[in-house]
Every structure is written in structure tokens, then in C-alpha cells.
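Chains as they are written, first to last, in my numbering: chain L, 7 to 233; chain W, 7 to 233; chain G, 7 to 233; chain C, 7 to 233; chain Y, 7 to 233; chain E, 7 to 233.
Just to be clear, a hint being listed does not mean it is correct.
Intra- or inter-copy, both count: the list cannot distinguish identical chains.
Claimed, not checked - SDA-like cross-link-like pairs, simulated, lysine to any residue; straight-line CA separation at most 20 Å:
1. Lys-189 to Ala-29
2. Lys-84 to Tyr-231
3. Lys-219 to Gly-11
4. Lys-207 to Arg-15
5. Lys-47 to Pro-158
6. Lys-204 to Glu-81
7. Lys-149 to Met-217
8. Lys-149 to Asn-18
9. Lys-84 to Leu-213
10. Lys-149 to Gly-56
11. Lys-149 to Arg-58
12. Lys-219 to Glu-81
Derived by calculation from the structure, the hints in this document are not laboratory data.
6 protein chains.
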Amino acid sequence: MYELGVVYRNINRADRAATDQLARFGASTVHEAQGRFGLLKPCMRPIYAGARISGTAVTVLMHPGDNWMLHVVAEQIKPGDIVVAALTSENTDGFFGDLLATSFRARGALGLVIDGGCRDVRDLTEMQFPVWSRAISSKGTIKATLGSVNIPVVCAGALVTPGDAIVADDDGIVVVPSANVRKVADAAAAREANEGEKRAKLAAGVLGLDMYKMREPLEKAGLRYVD
Amino acid sequence: MYELGVVYRNINRADRAATDQLARFGASTVHEAQGRFGLLKPCMRPIYAGARISGTAVTVLMHPGDNWMLHVVAEQIKPGDIVVAALTSENTDGFFGDLLATSFRARGALGLVIDGGCRDVRDLTEMQFPVWSRAISSKGTIKATLGSVNIPVVCAGALVTPGDAIVADDDGIVVVPSANVRKVADAAAAREANEGEKRAKLAAGVLGLDMYKMREPLEKAGLRYVD
Amino acid sequence: MYELGVVYRNINRADRAATDQLARFGASTVHEAQGRFGLLKPCMRPIYAGARISGTAVTVLMHPGDNWMLHVVAEQIKPGDIVVAALTSENTDGFFGDLLATSFRARGALGLVIDGGCRDVRDLTEMQFPVWSRAISSKGTIKATLGSVNIPVVCAGALVTPGDAIVADDDGIVVVPSANVRKVADAAAAREANEGEKRAKLAAGVLGLDMYKMREPLEKAGLRYVD
Amino acid sequence: MYELGVVYRNINRADRAATDQLARFGASTVHEAQGRFGLLKPCMRPIYAGARISGTAVTVLMHPGDNWMLHVVAEQIKPGDIVVAALTSENTDGFFGDLLATSFRARGALGLVIDGGCRDVRDLTEMQFPVWSRAISSKGTIKATLGSVNIPVVCAGALVTPGDAIVADDDGIVVVPSANVRKVADAAAAREANEGEKRAKLAAGVLGLDMYKMREPLEKAGLRYVD
Amino acid sequence: MYELGVVYRNINRADRAATDQLARFGASTVHEAQGRFGLLKPCMRPIYAGARISGTAVTVLMHPGDNWMLHVVAEQIKPGDIVVAALTSENTDGFFGDLLATSFRARGALGLVIDGGCRDVRDLTEMQFPVWSRAISSKGTIKATLGSVNIPVVCAGALVTPGDAIVADDDGIVVVPSANVRKVADAAAAREANEGEKRAKLAAGVLGLDMYKMREPLEKAGLRYVD
Amino acid sequence: MYELGVVYRNINRADRAATDQLARFGASTVHEAQGRFGLLKPCMRPIYAGARISGTAVTVLMHPGDNWMLHVVAEQIKPGDIVVAALTSENTDGFFGDLLATSFRARGALGLVIDGGCRDVRDLTEMQFPVWSRAISSKGTIKATLGSVNIPVVCAGALVTPGDAIVADDDGIVVVPSANVRKVADAAAAREANEGEKRAKLAAGVLGLDMYKMREPLEKAGLRYVD
């Protein structure tokens, strides 16, 4: 995590097929499936509702108020990638807009996760190019200082290593280390298979207290009822 | 407010008919009608726009990161209730998702107000199960520690006593003590009856300055005009 | 900026034709076109998505929790104005709702920018009366203390002089001093004319690195690639 | 909690002797002793380090930016009281300064807890009149709107009923319902008696793991060690 | 407020003698004396307690993460000045440390007010060079982008014109337009002369209710007492 | 970073001699010396002023509101260590107090960095056991859920690997990867050697503009002076 001015061209992207599956489960199920790790902070919000994507991370580290490296990272994007942008300190400027989105999409990017600000949200919504950001801001950025591309970064409180799988939707963003993607996808599938039956029972009025057999542990823990 | 590990089964719910009326007026009118009291802090936001509900509060107090008591409170829900969930300290984890919503709805709950995080917002939106929360987060919670059900709680800065009426919409959430519900509903109705005429006048170009006879008090207070 | 209890009736509004053009370009392009100045802080958000307006500022300064001056400013509105409301200290109360919106619209106002809270957002959305605010809150306000109308104010971190042009959309809010409006409108038009071609190139896969000739300055700055 | 414009003159103050003891234990021990309830939010900070007080609450509810009721509450102070000031919505204005502190002290107040701002902190520090507040601000307040005195209030997230005991120090502020003060003081004393021995053991290098017999439950919970 | 890359060398500094007097009164009294205007937001805090200064403003506008212009402003400092640094968007980086403080002091500066971060606070405290900032941060800044010196700026929500008087202490920071300094100093002196007598009365147990003759207006406003 | 319920007993601690040197330089100089990386967010503040330490990191990951693992990490502390505590989601509870500090000190710990809350700050100050935390809170924590010890963690936005060097003082906290500690210590020493001469020049009135030869690049960048 300690190099500035470097672009790593070759990264080990997570298994494509397994990565692609993650979007189907969504961020919350994937987060559960990997043991409740890898969640970015909830201050990160989608610029429009309804997007749900999964892809492999290409990462970029930038200086506050300077988006030069977004042009550098564009060249490193491969189809199926999601760009994950981190900053060296907190900043809400509008690093990204519809021109960069056009370029990213042309390179095959599925979306952007940026621990900073985004602009042109009306155009991005029309293009249906999804962005998760800390803020929306018209403030333009300069192109003066080097950062790095495809180094491990901390984005909104989570470590993202280039090539990791990312899944993002209305609930948030989860990073899955590339080595775990298959296992996590399987666990998520198993979890989901499970949920249909549970949902049906709950809808029929069965209580979680009974379905999950919680009455005994609750009593043991000392819960008492007063009429 | 000072008991952990207790579930009160019998609470005095506010008058149903009067409570049901409150939704029609909405949070802002009800807040005015009861003398500008009982508003939860504006950091509480609906997970989707357009919901407007009123109901009787069943309350639950939980530990940060632990949603065990949501399963306990489910059993205490009666048709027409709104669950009001408070935490012992600030936390944005995703305490509530579509499975619990399915269960709550099966019990007759109209919605949830939670001073914490919520997840599965896409599913909740599809189900049209309204939630007002402090955050949206994929972060799952554990089931390890007792809280209480149906004790008075402070939720987002407002005291909520079990059985109080709750009205919630895009403007926010207001609690009405059960003893006041009828009176407040009447005051809200009177207020609203009043508004149609006012709106027509204002739309016709009459100024509030004149309609509310403010010119004299403004002058008395020292307001001066400069050309 | 140092007078309380004064209403200035005559202000020099920015050129109407040039002001009207700004909406077409939007806040982000206008912000760029005037050299990245005049942006209000990104904590200011529209109450619904999709509005894009430009108009001339009438300003009002209020005390926290007191909206009396909104009735005073209503009388000073001319068609094509946008009301810009500042507070003497931070406060999220609901200063503005559908009745005032009805009055403002009758006077010709295009929208409101308020460094405080707003309510009746469902009605305002139905009316399509756009508001940019710091918060949404049911909390009503009193009418007890004088502020001023049409004095220069600092609103969400930006100086707004009465008569300045305002442009607001989903990206944020920008103030353009009245003396600069024509020049800024021209610069924005030039900027936009430019963007179509760029967008086409980027969509065709041309990289910003090449289109903006960034490779040489990046290399000079020391960027290195690692395979 | 739903009356404006009322001053309750007679309140049931918690037992004086038991209340006086609480300061000796401090906020953290008292908070533990009453089962981890009654803590005000940690955004409340002392204006200077080192104060530690306990007393009985007289309460006051004010409008943002209006400190009129602080003059009203002054008359209701009795020796040994702590004034607890709540606001109807968030506001950081400087409601309180050295003149009011002089008056409060003359009436016997031991300190102030205010969910708003404070000023004259240099003078207050010299006077050693302790204040816990949400902010420090020079902003003066007006005297225009009625609030109430000695009604139950929610202050920084905790319910305070007039007469409750308050204990405040560098760690924060805890409210103890008047009915519980003796019991809580006893529990705090027992807790503290216990701590000397524990501290000595820990200082000698005994691990909490052993002293609290945690190894077995940790193992049961699945903790594993890797060399 | 709309020029980048410009240094104004000649500014009209407020009257020195009157400016020097302001420190004696402190920020809160000066803020009152000029009608409760000109206060910077309370998020601005001194890096150490006890400093109280007044001086004339030299202003500087910088880009987030870039402190180049602090070197430029140093040359424009005259004895008795206070540097007021604003940013084009929110940023907490450490723009200022002990080397710049050494330089500023050698030029005659009395202190710094910066709407960003500061570092070397231990050294600055030893030097007794007072700084009011939004944050303390070790994060270094670059020297790549032009801002401006001695243009009007918005700093922490207040407009500061070069040459205005600044008064800063533990309570906060107030700006006094240069044209008003004498008048404000006189008003502050009158205010303070007044306070000694008031303080003595209050210390003797006289209530503000009586001293300020508030009982009648409170009764008129509807205040009622309940025994 | 993806294991819960594991304690790594053997970690590679950074070189002791080099680590010990870092405290002498302080966080800001070390941050510069390693190329402006590794800074924890500025919301982390020391509980008292004046502490300056450096040591090797032992890490712990905890659940919000649960400090069980602090007892587990105590056993893994070796003389010269600093405990770095991260949470799975944001929480300000008081995880740490004087008893744990007594235990940590007995094991040889120099201090604690915790991305949560701390209590007993008066006692910790008397003991001179330094803590950097996000908050101060009396709120106690439970002992119910496993976390991990000595896994890589993200603490306040920075990745900390067990054994890394930590330097912390009034300016903030910097992590230095163990492999870099010697190099960084050398760079910091060189930097500091440099500063004495610079300070003397600046104190003598030499401008940074001249000392750093900035006039030419500023002119090239377009800076212009107006008289």
C-alpha cells in the first residue's frame, strides 16, 4: 500500500464465472456468506436506486481534489471490471462525470465505487452507469499529482486488493478476496436456497422464535415475560 | 426505562380509530397539531419515498450489532402496530431485512422505525414494507444479548411509550402519547380544513403578510424597507 | 452583510436571458465555466430528483427555528427569481412547506435554496416546486424575530448577493455573480459544444490519456508502469 | 413531556446523601452500577477537564437560539441541583455564559448539562463552574419564546425527569432515576470496593483471562490459537 | 471572490488601535457588540486553550491538500495581521506546521485561522503561536495549484474581506468589517462596563428575572407556574 | 483479514531499535518520511495532550459494544507493543478503562489506539497511559462474541498488519510497515536534521518563497501580483 506514481498492469482477477454470480445474491447475502467481512462503510450510497452489479476490482488511489489518475486507470480496465477509487484523505469533490463514464464503459467497466464525490448524476442515471460514492458534488478536480493504479487500497474502511470481487447494490458494497470468490458464491447460493422456505413459513405466521428455536436460549439468558 | 431482559405482554394501545386517522394528515400536520412535540430527529429517513402510515407503537431496545430482540418483539405485534426499535448506543448495522419484514407483516405490523440500520431495501421496496432508519447497511447482526420489549424507549431523540401512536411519512416520524391521540387527530383535522382556503388565497397571489396580518407586528418589531 | 431588520426592495437582477440559459447547462458545467467558484456545499440536496432550474437570487436571512422572514421575502419575489435562504446558525427545522410554495409560485418564484430544513416534501413533489435543503424535517418554526431580505448572505458556504444568478440541479447549486452571467453562459455553451465530440471519441474507445495528451506530462511527473 | 409555557415549582428531588455519593464513583462506575442505562450521548463534552459532580436535576426545555427559559429556571434552583437543558431541535448557539453561571451558582447550582452550545469558557473555567455541552459557540441567543421548566426532557438521547440524580465527569453524564439512587450508590460502592483487588492482581501481571475465568467460555465459543 | 492566481498587495487594514482593543473583550462580547454577526462556525477550535488575539485579516484561498499559497501569503503579512485561510472544498489535511509558524511570526503575524487542518501542535503550543482550525492532522500537503491572496473569502461560513478585524479566543472567531471596528470596539467597551454591576447583583442572588424585568413579558407570553 | 475467532501468537515485530526512534520524530515527520502514507483518520484523538510514543502493533478486531477480545489480546502483548483495536462497524462505546490499562501496562504495552470509545480518562491520565480513540464514553461493553487477534485490520481508515510500527502523538497516528521501519527512521532523521537550519532562516525573516525557490514556478503557473 505504499507506493505513489506506479501503475500495475497485471493483476490476478478473481474467477469470472464465480464473480458474475455474486450480483444475483446481492451485497447483504454475500456479506453474510463470507462471515460478515469486507463491507464498505454505509456512508457510501448509490447515485440511483436499483443497480446491482458484481465484477473484479481495478483500484486507483488519488489525492483530494485531483482526478488525474482516473484517466490512467481507464486504460487498465478490462470487461467485467469495477473501478474502486480511494483517496489519501477525505474529500467530496466531483471526481467523476459522464465523460469518464463513457470512457469507462467503452473499456468494459460495469461501474465505479469512489470514496469521494461524483457529478453529472442525471446523465449517469440516463446512461445507467452505476456509481457508489460518498457525496454528489459539482466541484471539478485538477490533474496535477500522481497517485497509483492497482495497488491495494483502503476504500471507505475496507481493504481492496486489485482483482478482488466487488458486489454492490442498494444495500451497499462488499469486497470478496479473489481467493474466496468461489467458496463465497457457493455459500451465498446455499444461503439463498434456504431462504425461500423460511420466508414461506414466516409469511404463514410461524415466528422466528420457533423456527430458529430461540425460546430456550432466550430463557437461559434470563428473558422473562410480564403480563 | 431501566429494565433489561423483560418483555411486557400487555400494553395500552392508543385508540385505534383515532390512530388510523393520523396517517391521512401526515407527520408535519400532526406535529403542529400537538404543539410541536414528539418529533424524531431528521437523520431518520424512509428507505423509499411515498409511504405514509400511522399505528400503535410496540417498542424494543437492543444492543448495538445485536438484533435478537427483533424476533422477540415479533410475537408481541398486533394488527395495526408499528415497531419502534431503539439502541443502547449509536450503531448503523443492518438489524432488519426482508425475512423479518415478512414475519412482521404476517403479524400485522404496518412498518418499522429503527434508530439503526436496515438492509434488503430492494426487497422491502418491492414488498412495500416501509422502514424509517438512520442508515442502510448490509452488515449483519448477532443474537447474543438480551434487551427488552415494550418498555419506554428514547428513539432518535424522542420518548416513545408502548402503545403511543406513531405517524410516519416522507417528512419524518412523530409520536403522539396514547392519551392525546383523539385530541390531536381532531386538532389536525381542524388544521387541515383550514388549509384549503389558505392555499387558494395564496395561489391567487394574496400574500401571507396580509392573510396572516403580519405587517403590523413586523413594523412594531422594527422592520424597515429601503428602496 | 451586517444589518438585521431591513428589506431591500430594489436589487439589480442578473440579465434575464443569460440567466435563463444557465439551466440548460446545469450546475456542474456552469461551475466549470466560471473557474470552479461559487458552489454551495454538497450537504445541500434536492428534495426530489430531476429538477434543473436557473434564476435570479432574492435572499433572506433568518434566525434558527424562525421562518417569519419567508413571508416577508415572498412580497419581493419577481417572476424568474429563486429564493436563497440563509440562517444565522445551523438548524434543520422545517422552515418551508406547501403553503409557502404556493405563495412563492404565485409570485413567480422558480424554486428555493435553503440552508435549513424543508417539509411537506410529498406535496412539493406533486407540485413540482423544487427545493434544495440541508434537511427534511416536520419541525415547525415560529414567527418572532426579524432577519433581513435582500442583503448579501453566506448560504451553505457560498456568498450570494441579491440579483446573482443561481443554477441548481441534481449535482448541486452554483451562484454566478450578476456581472459575470453573460460571460459564464457563453463559456458554458463553448464547453458544452466541445463535449459532444469528446464523448463520441471516448465512446469509441479512445482514451482520455491520448485525447487530452496526458501521457507525456504523466511520464514527466514520474509515472511508471510495472508489468 | 408535552407542555410548553409551564414551570413546575415542586419536584421530588432524589435523596441528597445518596446523590452526593455518586460523584465519588464517577459516571462510568455509576453507569455500570445501574445496569448500563441512562447515559447521555458522547457528543456531550465538558468545557474543561477534571470536574466531577453529582446533583439533582432541574430541567428546562428551550427553543433553538432562545435562552429565555434559563432565566426562568434559575429561580427554581436549590442548592445541590444540576441544571439539565434540552432543546426542541439541534442547535449549537451559546445559550449560557459567565453571567448566568454567576446567577446559577448563587442559587446553589453545581453545574450545567446543555444539549446546545456554551460560551465564556475561559471565565467559566476560572470560576470552576462546570458545563457539559454539545458545542462551544460565541453565538448569542434571543429571549422571545416560551419553553418549560421541570418537565421530563430528552437531553442528548436520555430521558431526564426533574429530581433525578445526575453524575458527570470527564467520561460523560449519567442520569439515575430518583427512585434508584440509593440502590445505585450501593451497587457502585460494591463495585468499587471490588476494583482495588482486581487492579492489584492485574498490575502484578495476572491476566483478565485467568482472573475472570474467561478461557473456558472463549474455548467453548470456538476461539483457537495459531502458532 | 472570483479570481484565482492573484495576489493583492495593498489592502485597507482596519484601524490598528481599535483592532487591538478587541482582544480584550473577546469573541463573544465582540459578536454581541456588532449585533450577532460575523461568527465563524463552531467546528473551528483553538489547538490549545487560553489564547485570545485580535488583528487584521490577510486572506488566502487554497485548493484541498495544497498549501502552496501559504508561502505566498507569508510575504504579504504585516505586523498585527492574522492569516485567514479558506479552502475551495472541505479538507482536513495538515496545511500548517511549526516552520510556517516561524515564518509567519517573523513577519509579524499574531495567529492563523484555517478552515482545514493543522499539524505540529505540540511545537505550536510551545511557541505559543495560536491556530484555530477545523482539524488536527499529520497529513502533508503538496505545492501544485494556484489559489489567491487577499481576495474576499468565505471561511467556516463567514465572509472575510482582507483588512477586516478578527478576534479569536476559546469561544470562537468573529470577523468585524474594517469600517465598523471603532464602533464595535466602543459598543463592546460599553457592554463590558455594564457587566461588572450585573455580575455583582447576580452573585448576590438577584435573579435575572428581576434584574432584566422579565416577569411581565413572560407572563404576557403566557408562562404559568404550577405548584 | 477474513478470519474470526483466531489468535495468532507469533508475529514478526518491526525492528525494535528503529521502531523506538520513531517517537522522537513524531507522527507528522514520520508520515512525511514514508511518502505521506499510513495515516489514521484525524477523528482519532489522544485522551490527553503531550503523549508521544512509538511501538510495534498487536492488533485486535472486535464487534461493536463487545470488548471480550481486549482480554484475549492482553496475553499477546510484549514489552514495546502498542495495541491497535479495530471494530467491525462504527461504535463509540467505552471498550477500555483503567483496569485494562493496568493489565496492558503490566504486560509491557506502551499505549492503545482504538477505533471506538474509551473511558476512565481521568485515571488513564493520572497513570499516563496514553490512548488515541474516536470517542470518550462511559458506556460499558459486553463479553459475548469472538473477534480475532493479530490479523491485519483496517483501523480508522489505515491498514495495520501485526508487527508494524506505530507512532502516535498530538498530531495523530501513523503506521509504518515493519519492512520499512529502518528506512523510514533514517529518512525522518535526515528530514529533521534539515529542519533546524530552515527554522533559523525563517525565524530571521527569510521567506519560504525564496528559501524553497518558489517564485519562478509560481510565476510559471501564472501567479500575478496586483498593487
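Hint check results:
Taking the shortest alpha-carbon separations for Lys-189 and Ala-29, only the intra-copy value of 15 Å comes in at or below 20 Å, while the best inter-copy value is 44 Å. For the homomeric pair Lys-84 and Tyr-231, the shortest alpha-carbon distance between copies (17 Å) is at most 20 Å, but the shortest distance inside one copy (59 Å) is not. Within a single copy, Lys-219 and Gly-11 get their C-alpha atoms only as close as 56 Å, which misses the 20 Å cut-off; across copies the closest is 18 Å, which meets it. Within a single copy, Lys-207 and Arg-15 get their C-alpha atoms no closer than 51 Å, and across copies no closer than 24 Å, so neither meets the 20 Å cut-off.
Both within a single protomer and between protomers do Lys-47 and Pro-158 lie at most 20 Å apart by alpha-carbon distance, with minima of 17 Å and 18 Å respectively. Proximity of Lys-204 to Glu-81 under the C-alpha cut-off of 20 Å is restricted to the inter-copy arrangement: shortest distance 16 Å between copies versus 46 Å within a copy. For the homomeric pair Lys-149 and Met-217, the shortest alpha-carbon distance between copies (14 Å) is at most 20 Å, but the shortest distance inside one copy (57 Å) is not. Taking identical chains as interchangeable, the C-alpha atoms of Lys-149 and Asn-18 are never at most 20 Å apart, the minima being 29 Å within one chain and 36 Å between chains.
For a Cα distance limit of 20 Å, the shortest separation of Lys-84 from Leu-213 across copies, 13 Å, qualifies, whereas the shortest one inside one copy, 47 Å, does not. For a Cα distance limit of 20 Å, the shortest separation of Lys-149 from Gly-56 qualifies neither inside one copy, at 32 Å, nor across copies, at 30 Å. Taking the shortest alpha-carbon separations for Lys-149 and Arg-58, neither the intra-copy value of 31 Å nor the inter-copy value of 28 Å comes in at or below 20 Å. Taking the shortest alpha-carbon separations for Lys-219 and Glu-81, only the inter-copy value of 14 Å comes in at or below 20 Å, while the best intra-copy value is 54 Å.
Going through the hint list in order, the structure does not satisfy hints 4, 8, 10, 11.
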